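Undergrad: One letter stands for each residue in the lines below.
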Amino acid sequence: MKSINTLNHAYSQAPWRIQRQWISVFLLTVLGFAIIAALYLIITSRAAILGREVQDLRSAIIETELTNANLQSDLGHLTSKNKIKIQAYILNFRPVNPEELEYLFVPGYTRSTGAVLATDPELSPSTVSIPFKYTETLLDWYDTQMQMINRGSR
Amino acid sequence: MRQQYAWRSLLLNAFLAVMAAMIVIQIIRIQTSVEAEKFREQADQFAGFYKTFYPQRGEIYDRNGHLLAGNQIVYEIGVYLNNVRDPHTVAMALSVNLNRNFDQIYSDILNPPEDIYYLVIEKFASPDVVADLKKLKEELNQSSNPTPSLFGLEFNPRLKRSYPEADLASNLLGFVNLEGRGYFGTEEKYNDLLAGNPIKIWVPNDPNRVTEIPRIPNGTSLILTINRELQDAVEDILDQSLLDYGAQQGTIVVMNPKNGEIMAMASTPRMDLNNFENYGSIFDNASEYNRAIGLPYEPGSVMKIFTMAAALDTGIVNPNTTYLDTGYIQVSGVGIKNWDENAWGAQTMLGCLQHSLNVCLSWVATQLGPQSFYGYMKQFGFGYLTGLDMAGEAAGRLKVPGDADWYPIDLATNSFGQGITATPIQMLTAASAFANQGRMVTPHILYAMLRDGIQFNVPPQHAGTPIKAETAATMSEMLAVSLENEGSEALVPNYRMAGKTGTAQIPTPYGFYDFSQTNASFIGWGPVDDPQIMIYVWLERPTSSIWGSETAAPVFSVVAQKTMILLNIPPDNIRQIMTSQ
Numbered sequence: 102m103k104s105i106n107t108l109n110h111a112y113s114q115a116p117w118r119i120q121r122q123w124i125s126v127f128l129l130t131v132l133g134f135a136i137i138a139a140l141y142l143i144i145t146s147r148a149a150i151l152g153r154e155v156q157d158l159r160s161a162i163i164e165t166e167l168t169n170a171n172l173q174s175d176l177g178h179l180t181s182k183n184k185i186k187i188q189a190y191i192l193n194f195r196p197v198n199p200e201e202l203e204y205l206f207v208p209g210y211t212r213s214t215g216a217v218l219a220t221d222p223e224l225s226p227s228t229v230s231i232p233f234k235y236t237e238t239l240l241d242w243y244d245t246q247m248q249m250i251n252r253g254s255r
Numbered sequence: 002m003r004q005q006y007a008w009r010s011l012l013l014n015a016f017l018a019v020m021a022a023m024i025v026i027q028i029i030r031i032q033t034s035v036e037a038e039k040f041r042e043q044a045d046q047f048a049g050f051y052k053t054f055y056p057q058r059g060e061i062y063d064r065n066g067h068l069l070a071g072n073q074i075v076y077e078i079g080v081y082l083n084n085v086r087d088p089h090t091v092a093m094a095l096s097v098n099l100n101r102n103f104d105q106i107y108s109d110i111l112n113p114p115e116d117i118y119y120l121v122i123e124k125f126a127s128p129d130v131v132a133d134l135k136k137l138k139e140e141l142n143q144s145s146n147p148t149p150s151l152f153g154l155e156f157n158p159r160l161k162r163s164y165p166e167a168d169l170a171s172n173l174l175g176f177v178n179l180e181g182r183g184y185f186g187t188e189e190k191y192n193d194l195l196a197g198n199p200i201k202i203w204v205p206n207d208p209n210r211v212t213e214i215p216r217i218p219n220g221t222s223l224i225l226t227i228n229r230e231l232q233d234a235v236e237d238i239l240d241q242s243l244l245d246y247g248a249q250q251g252t253i254v255v256m257n258p259k260n261g262e263i264m265a266m267a268s269t270p271r272m273d274l275n276n277f278e279n280y281g282s283i284f285d286n287a288s289e290y291n292r293a294i295g296l297p298y299e300p301g302s303v304m305k306i307f308t309m310a311a312a313l314d315t316g317i318v319n320p321n322t323t324y325l326d327t328g329y330i331q332v333s334g335v336g337i338k339n340w341d342e343n344a345w346g347a348q349t350m351l352g353c354l355q356h357s358l359n360v361c362l363s364w365v366a367t368q369l370g371p372q373s374f375y376g377y378m379k380q381f382g383f384g385y386l387t388g389l390d391m392a393g394e395a396a397g398r399l400k401v402p403g404d405a406d407w408y409p410i411d412l413a414t415n416s417f418g419q420g421i422t423a424t425p426i427q428m429l430t431a432a433s434a435f436a437n438q439g440r441m442v443t444p445h446i447l448y449a450m451l452r453d454g455i456q457f458n459v460p461p462q463h464a465g466t467p468i469k470a471e472t473a474a475t476m477s478e479m480l481a482v483s484l485e486n487e488g489s490e491a492l493v494p495n496y497r498m499a500g501k502t503g504t505a506q507i508p509t510p511y512g513f514y515d516f517s518q519t520n521a522s523f524i525g526w527g528p529v530d531d532p533q534i535m536i537y538v539w540l541e542r543p544t545s546s547i548w549g550s551e552t553a554a555p556v557f558s559v560v561a562q563k564t565m566i567l568l569n570i571p572p573d574n575i576r577q578i579m580t581s582q
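Top to bottom, those sequences are chains U and E.
In short: position in the first sequence from 1, add 101, done, that's our numbering.
In short: position in the second sequence from 1, add 1, done, that's our numbering.
Quick caveat, the hints were computed from the structure, so don't treat them as lab data.
Bear in mind the structure is a predicted one, so any value in this text is a computation, not a measurement.
For every residue, glycine included, the Cβ atom is placed at its ideal position computed from N, Cα and C.
Any given hint might turn out to be false.
Unchecked claim - Sample of chain E residues with no beta-carbon within 10 Å of chain U, all distances over it, derived:
(1) 13
(2) 24
(3) 88
(4) 97
(5) 123
(6) 143
(7) 145
(8) 201
(9) 497
(10) 514
Claimed, not checked - So the derived label-pair ranges between C-beta atoms look like this:
(11) 568/E to 179/U: 19 to 29 Å
(12) 453/E to 243/U: 51 to 61 Å
(13) 21/E to 144/U: 27 to 37 Å
(14) 253/U to 210/E: 40 to 50 Å
(15) 194/U to 285/E: 34 to 44 Å
Looking at chain U on its own, in the form it has when it is part of the complex (with noise of 0.2 Å):
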């Protein structure tokens, strides 16, 4: 019992190796904090990066709407009754009078009442989606590999 204390007492007396315990514990800390800066880096860095690029696309949206609604007057202008009246004077055109039209039935076909003017609501950009991959939780994404491994296995 008396040689055990003894050789306990000597182990914990060997000074290098409570220092190189000390410096791998400090040197093991050093390199998690790198990592992890280096990843805080990486992160912040590719972030800022998409962010100037929705950036870029944001004034990019605007514009293209800008664009848009100028054409979209443009296109008015170019259309406008006086402009598609001088057209068809041009082109030999005449409001047709009453005893010149003939009506014929076509079975089937029903009137137009008004415009349509409805787009694809799929297209708007106020309904675009984001992938699911970018909202996923860790544990969404376990969830998903562990449901493809286990149809993989079937």
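Given the coordinates of chain U, work out where chain E should sit on it, guided by the hints.
TA: Relative to chain U, chain E alone:
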């Protein structure tokens, strides 16, 4: 030896600790110094900027998708004061291109108001002017010399209202001023829907804060019930009518009596909406902007159809009831005469309408009595707004027993359209009951709304049932027969129409009527067996003839023929064959 190393190590540690502490203290000192505050302010200036986001105002289309009101790019020209290197050149370039005073611009740049980083010089510069300035700025940037320079000059695109059809439908569209607010008609009524809200927000330059910038929703676009081609044709017909009959002003409205859709609404005068600043020189007051809805007048004999409808509905008369017209009737001590001051002898109710006899209709009104007569008039909507979705509607005036200015003679005069005022749109709303089995429709101009690519159609609304379906059918038949018997100029070849003329003397400010000037009106609808259009014509002070039968009636016929063609409504015989198939 080990003790010696220990001391050295301790000293080194202490030195490093002191150095670290000094670094921390220095960091804190710099962060809290007076200069730090200045640096922060400088940093804040470059951290972002205030920007006003103007949502795109919704567009307006006709029912077939033709653009009536759109938006065009203009530019806001401004100066970022902190970035300006050469204010003299900036002021010179702006004064030359914008045709503005150089000294004023130069002074504004050098002495801006406090806390202003961005100075707006011009809000609505044309793309051509901006293209010239951009080109000049680019050329100066490429020069190696720091001056002259247009650095700091900024061009922000924005949208301004544009009306491709200029004056077409101007009275019902209204206009938008430079501040983006709608005036009159649809632009005013639906201003909140059309215009989104401009928002001034801080836009950070930090890309990590990009999500803080909200997306500004654009305004809602509108599809109106009007048909551009029909509107154009009706305006042309109205303009020609004013020339043909020497009328001062005029109004024509075409409505679908089954659902209240306004298909065309023409009034004079009109103005090019792109030059709305001319409003003051064209219109004396706001009620004249759209006479069809904003200017009540005494309609005259067209009111007789409502008096007769009330009498038929109560059953006190039928189309064959006979009245002996002596050319004169006394009501409450006041004498009433016919338009020609003649006696027409024994007349059926059909004859009374056909010959538009004031004496007969006064007798009918007295048979009804004030309570019943005014009860029907109220049910027809006289004296009330119709609910039309346009700004500027007037309610007109229906005096009723109990009002301080109502006299018993008013019962007689109101029966043939004197002493009562209404707008053309009120007349159409009331008469829609005849073409719609006794049910009135609420007139409306909005066909659908467009938001986020989805179209929301507007359903028709009914505005009460003042008369029975049988009464409505009887009235339509009586008025169709009376036109045919008269050989009226309102008749439309190949289409059976019902209608009534009106010739109303114009009251003077002194309480008397001016016998030399009239308002000529006509209301008509058809085809009688399946009414699809209802038209109201009002010509003010025609000079070629004072009679509605010789002025407004033929105009109705021309408008009806054009409407039938443009709306693809086949002649009665063809339509009936098609229906039977």
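Undergrad: I'd like to know which numbered hints this structure contradicts. Please list them from smallest to largest.
TA: Going through the list in order, the structure violates hint 12 alone and respects the others.
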